[in-house]
Every structure is written in C-alpha cells, then in structure tokens.
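S.K.: Each chain, written out:
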Amino acid sequence: MSDDKELDEIQAIFFEECVEGLGTAEEGLTALANGEASLDVIAGVFRAVHSIKGGAGAFGHNALLTFAHAFENVLDKIRAGDIAATLEIGQQMLSAFDVLSDHVSAAMGRGDIPDDGPVLAGLNALLSDGGAPAPAPVTEVPPPAEEVSADPATEADEFGFTPVTVDLDDFSASLDLGEGEEENDSPWIVTFQPSRAAMANGAEPLLVIRELERMGARVTDADISKLPSLRELEPEQGYICWKMIIDGSVERSELDECFDFVAPDSVIDYHHRESEQPAEQPEAPQTDTPPEAGAETPDQPKAAASAPKLAAVPAAPVPPPAAGGEAKAADVASQTIRIDVTRLDMLLNLVGELVIRNSILNDRLGAEDQERVELPQLGRLTREIQDNVMSLRAQPIRQAFSRVPRIVRELCSATNKQVNLEVQGETTEVDKSVIEKIGEPLTHMIRNAIDHGLETPEEREAAGKDPVGTVSLSAEQKGARIVIRVSDDGRGIDRERVRQKAIDKGIVSEEDPLTDEDIDNLICAPGFSTAETISNISGRGVGMDVVRTNVEALGGRIEISSTPGQGTAFTMVLPLTLAILDGMIVRIDGQRYVVPLSHVIESIRPERGQVKAMSPTSEVIDLRGSYVPVRRVSDLFGIGAHARRSPEESLVIIAESDTAGCIGLMVDAIDDRRELVIKSLDQNLYPINGLSGATILGDGSIALILDIDALVSTANASGSRFTLKGMAA
Amino acid sequence: MMSKLILTVDDSASMRMLLKVSLTAQGYLIEGAEDGEKGLERMQELDPDLLITDINMPHMDGFELIEAVRARPEFRGTPILVLSTEFSDEKKTRARDAGATGWITKPFDSEKLGAAIRRVCP
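Chain order of the listed sequences is R and G. So for the first sequence, the working numbering puts the first residue at 7; every next one is plus one. So for the second sequence, the working numbering puts the first residue at 4; every next one is plus one.
Bear in mind the hints are in silico, worked out from the structure with no lab data behind them. In this text, a Cβ means the ideal position worked out from N, Cα and C, and glycines have one as well. Certain hints may be false.
Claimed, not checked - Below, computed lysine to any residue pairings styled on SDA-like, alpha-carbon distance capped at 25 Å:
id, chain 1, residue 1, chain 2, residue 2
1, G, K115, R, S515
2, G, K23, R, T348
3, G, K115, R, T348
4, R, K249, G, A118
Unchecked claim - Derived, one-sided and incomplete: chain R residues facing chain G with beta-carbon distance under 8 Å:
id, residue
5, I16
6, A209
7, E210
8, L213
9, V214
10, D266
Please model the entire structure based on the sequences and the hints provided.
M.R.: Following this line, the structure appears as structure tokens:
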C-alpha cells in the first residue's frame, strides 16, 4: 500500500465519518428509546455502526471493532424483529452507544479505551436471549479457523474475541485439522469441473485455472468427454473437467480461496496424492466451509444447518428492487462532496479580497464610469459570490447540539435527577466558525441547568412539580444573530444567596444597589460559584464566567432570566457569522474606525447644552430625559485630542453594549455604512482592549473595528467590575 | 496493456479511498460512487471492467445494485465482487442469487484483494 501519510489522511476521513455516524446513531437510538423509531431509522443506525465497524477493521482499531460488531449484531436483530424494539432496549442501546462513542474517541487518540466489559456482556446477552427465532450461532457462524487466518481480523465473534492475524504456518503442526492432512507434503491432486452455470454472474473459470497456475499448478488432464457437438454447445456453460497437480506446500486455505467464487455447483476436489479421496465428494455442492470440518458426512449436516438459515431470510428487511432496476431520480441529499475546510476558508478569504477590490474600483472610478452598467453588475455578482461562499460554510447547529443528549444522560446518572431534554431548532444554520466555538459554552450551560437549576425528584415532588425536570435547548435565527436558549423548570436563582455570596467574595459590596437582573448576572462573575460543595459536574465555579468570556469573544452576549421556583433561562445571542460584519464607518481625528452596526441604536448631532460635562473627563448626553455617558474615542485610546472639538461639531453615536448598557461615542463624522470582511488582528496584537479586529476599506486603507462591549465596560466608571471583558481574554 | 477500470461503490469515503490507494498501486484505474443509485449511474457512464460494491448502503443497497446491474444486458458478463464486513452464508447466497461473482470480507488485505480480482477480471 502507499505511504503512511496517505493512510493517515484516509483515517482522518474515517474519523469524520465516525463522528457523523455517531450522530446518526444517537438520533436514531434516542428515537428508539422514545418508542418513535421506524424500521428505516433502525436501518440507518445499523448502516452507521456498520461503517464504523468496517473502518475500525481496516485501520486496526480492534477494541472498537469488537464492540461495534456486537452493537451491530444487536441492531441487526432489532431490525429483523428478532429482538423487540422496546423502550428498555432503546435505553440499553443508548447506554451502549455512549461506550461506542468512547471507543471511537479512543481510536481517535482522545481518551483511553473504555472498559466495555459489562456493556458488551449486556449486548451479548441480548444476542443470546433475544434472538430466539434465529439464534446467534446460526446466522453468525464464526468462520472456521482457517478462514480467520486467511482474512486477518475478519470478525470478532460473539464472545467478544478480538480478531488477530494468525500465521497458520506456525500453528498448522499443532492444530488438529481433520486427519492431519496439512502435514502432508505430497502434491495436491486437484479436480475442477466448472458447473453448468460456471460463467453466470460474470465468472470465468479460466481465470481460476490461471490463478492456480500462478500457484504452480500444472494441468495434467482435461476430460472433454462431456463436450457436446458444436451445434449443441452453449458457450456459457462448463463442460470440461480439469485435473491439475500442485505442489504440496500450498495451503489448503489458499485453494479454498481460489475456488471460493466458483464453488457452488462446480465439482471441486483437492486432496494430497496419497490420501484417500473422500467418498461422495464430487457433485456435492461446496460451500465456503472447508471439507475437513465434516469430511465424513459432508452433506447431511450442512443441508440441515442451512435450512434454519434460509428460514431466517424472509425476515431481512431489504425490499426487492424496483421493477426493471431503473435508476431512480438522483437523490439531492446524496449529491454532496466533501471539501477540506481550509479550502473553504481560503475561498472566503479570496472573496473578501474581491469584495474589497470591488469597492476600491468603485471609489476610484468617476461618476460617468459608475453609470456604466458593468460596474453595478460586477458589484452585484461579487456580493452574490460572497453570499454563496458564506452559505457553503453554513451548517445546521445540530452538530453542536449533538453532544448534549449524552451530557444530559451522564449528568442524570451522576446527580440522580430525572431530566427530559427538549430540543428545538436544531436545523438552524449558522456559520461553521460559530459552531466550532459554542460547544464549550453550551456544555457549561447544560451542566449548570441540571446541576444547579433542577431540583432532585424528591424536592420537585415536595414542591408540587413533576419529578422529571425539563431542560429545553433551542436555537433560532433572529436577523443576523442566532439565539440559543437553555432553560430549565428548576428552582430558579436564589437571589438572596447569590447576593450574599458575592458580598462574601468581595465581588460586590453591601451597599451596592442591585436589581434582580444584576444579581442574576453575578453568577457569571469570575470566581463565583453558588454550589455549596464544589461538585465535579459543574466544575469549580469557573464555569459561567468562562462561558461569558467565550461568548463575548465571539461577539455575542448572554442573558439570564430567572423566576424563583419556576426556572432559569440562559440565552446566548451570537452573530450568525464571525467573518462578515455590517459596520458603520466613522472618522475620529482623521482615522477611520468601524462600529458594528448591530450595536448602533442611533446617531445624534447634539444641540448646544445637550452634552453636559460631569468632570474634566466625563460627559453625559441628555437623551430625551435620560442620561447616557459619552466618551470620546480618542480619549479611550489615548490618541489625538490635539483639537478637542465641541460636542456641537461632533456626532454622538449611541451604541448599546450587549452586557453593560449604553454609551455615547463621540466621533467627528460618519463616512459610510457597508458590509465588511473581518480580518483578525495578528496573534501578537490580539487582545487589545477595545478593538475586535480590522478591515480593509474600499480605498485600500485599514480601519480598526471597535469592540463596543469592551469600550463600554472600560469606560463605564459605574460599570460593574465583573463585566470587564478582555482582561480575561 | 490498458489498465482495467474498476468501479468501487461504498458509502464510506474512507473505504473508497483505501480501495483506491490499494488498487491504484496494483495498476488499476479506480472510480467511486457512494451508494447503489450513484453506482448504477456510474456503471452506465463508465462501463468498467469490474464492479466492487459494499452491501449496506443508503438509497439502494448492494443487493439491489447487483440485481439492477445484472438486469442490463450490457453488464451480463461484467464481474461483480461484493466487499462487505458481513460474511454469513445467507448474505453470500443472496448476493450470488442477485448476480454477484464473488464475495470478499472486509477488512481486506491488499494482496488477497488483488488475487481475488485476478480471478474474476482478466
């Protein structure tokens, strides 16, 4: 085979398929556990696990192979109706599924191979009890010893043996193989008469003879007595009986393999020259089982054994093909190709450049050129390309949600709580960059909801609630944002306790006037944890503040709302994409900056007296009776300020931070509003507080993108200390 | 001699790639398809010297594909090998009844696969 690198790449693709397959399997098994699985669903799960097994074998992940094999066998029996698809079975399969995913993770090098003993035993127990109509030993006869050696790692058997490659040379002497023939070095005498249907199914007996010749066979005789006259000869039938002699060192298994495809109905016999030819051997329909397994009475036992096997056939769910086997209309879902993500990223980057160049062209060309029809067309095309490339990266959020059911199951058993998980909007599409980043915050939110939010079944019953708690996970698109909500119907936030704790921890002081909302948000404060004892589930209280920091780093925000006794909802609001931004381009001291439009509420040219100085460095604007702090961007960055403009000569942009209220940003002018491709700042520049990135404008110059949240937090003298973002980044 | 063209039908991209790597090294030209329906289309398009197909696939499984291929007169003599992790006699019989020439069990060994191909594809 080829070099290792190529294999590694293929293996990486296999792992991707595993992850996809696990997703399909989990979905299907969840349906099964809820009593909603159709045959199609089970078949889909079976295929997914089957593929995982196939690849596991190919890449030598034997533990995974063994487990997947047992798993698949159970699925096969469920599919065939041999094991009733009860809810209990569904639950058991779900638990087994978790072990299967651990096996996959281990194969991927993430974590150890799980201890699957009890679960595997459970699966095997199902196989032996459940399959009464077609007990496992019948349909799943392990291949005879020689076949195991012939096909390395062919199959794990139902007792969970890991297949190993055995070199028969080392064992042949000690293995009891029938009558000790294998020790016989005398030449093989081979008789081969292709069946009457020898050339059906595209078979070609001649090629078998060629292969035998390659092994050193010499044809010693060709019996043409059955050859009819030319007129009666049917070209696709076998008439000639060949006799060959092959060196005795050739293994029987090699001959078995050679005749494998032509075995049915052909007359095949091979024996060592001196050994007695077994009676009745010719005419006996050969199977894949080597004759020595039952050489004395080859036919009767086999026929008897095959009867129940065939009886089990009608249970197989595959329908006969459509009449005539006409190709059905191509299924749209199957018309997909797999593309390396880095290529998509490169494409997006290039399209970004194209958008920029297009703007530059527009800026440079005069008005009369602008009127030419080609330019607007070019602009429109460019935008369409951009939209399309963005949509290539859009993926259903299901991928990020797929981990949740497992987390819930694990937490349920760790906390002895009962949880019903409701998921909505999993088909909502968001940019890949978002999916990659929300996994961790989502996990924390779910853990938080179950560990802290929900009560124990006893507590719930005492409070007159259903002992089974509900955790809802939903996603929906709202404009250019995606809203992900995790809510529970638990006890709600105990505000008095949270406040006390925050005071104890020195996060707020006794005198701070705090609204309910302020208190709820305290649980996102760094170092805050309300769990009386640190649980190993929600971690050491670093959870929620990390969640907040991560979400804000994505340009999103978290909202918490809680009703005592009724539950808590965490709402994560994120941009649909992290690559493109609708921005307002503003000028400050000759420099241009971008204010993300999603933050802008309004822009005002202040009237005289509308902006009031509170101190030499702080001003507020009177906005229809309420006061909003005003900051000069040049002050915030410590730049310019050579000529302090009066407010009347400036514009004030009222921007709303996601977390810490509003701010008025005093700027010199507003230049434009447009879609911008976000370029991240170089790693070594990265956390500059107040800047989230940069973009290239139409004229080729660079504009920095303001991070409103950070600006508000930094500027807001009365702002809560715990909302300082960027510090933790 | 012109290289033989083999169409491999398997819903797993990694398995198709493994086959491609292994068989390209043995001098075959390889094309792939990811399910039975696609496989049938590609058969008509390519008229390969050999079809290697998986059994468990969405849309149209291996048995159906084999039957559909065999139903076409032009493919009556085209050898078809099944490459599957399954190995039960029942499945093998079914494949043969559908028109398969031979059956190879996954995971495959490159050399043995090559030998198997030589036994059905001159």
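S.K.: Per the CB criterion, is A209 (chain R) less than 8 Å away from chain G?
M.R.: holds (5 Å)
S.K.: Quick check on D266 (chain R) please, does its C-beta sit within 8 Å of some C-beta on chain G?
M.R.: holds (6 Å)
S.K.: Under the criterion that the straight-line Cα-Cα distance not exceed 25 Å, is the pair K23 (chain G), T348 (chain R) satisfied?
M.R.: holds (24 Å)
S.K.: Hint check: K115 (chain G) vs S515 (chain R), CA-CA at most 25 Å. Holds or violated?
M.R.: violated (77 Å)
S.K.: Can we keep the L213 (chain R) interface hint, with Cβ of chain G closer than 8 Å?
M.R.: holds (5 Å)
S.K.: Assess, step by step, whether the Cα of K249 (chain R) is no farther than 25 Å from the Cα of A118 (chain G), and give holds or violated.
M.R.: Measuring from Cα to Cα gives roughly 21 Å; hence the hint holds.
S.K.: Decide if the proposed pair is consistent with the structure: K115 (chain G) and T348 (chain R), CA atoms, cutoff 25 Å inclusive.
M.R.: Answer violated: K115 (chain G) to T348 (chain R) is near 37 Å, above 25 Å.
S.K.: Under the criterion of a CB-CB separation shorter than 8 Å, is E210 (chain R) in contact with chain G as hinted?
M.R.: holds (7 Å)
S.K.: Would you check whether I16 (chain R) satisfies its interface hint, that is, whether its CB is within less than 8 Å of any CB in chain G?
M.R.: Holds, because the Cβ-Cβ distance from I16 (chain R) to chain G comes to roughly 4 Å (cut-off 8 Å).
S.K.: Against chain G, is V214 (chain R) within 8 Å by beta-carbon distance?
M.R.: Since the shortest Cβ distance to chain G is 6 Å, the answer is holds.
The structure shown violates the earlier hints numbered 1 and 3.
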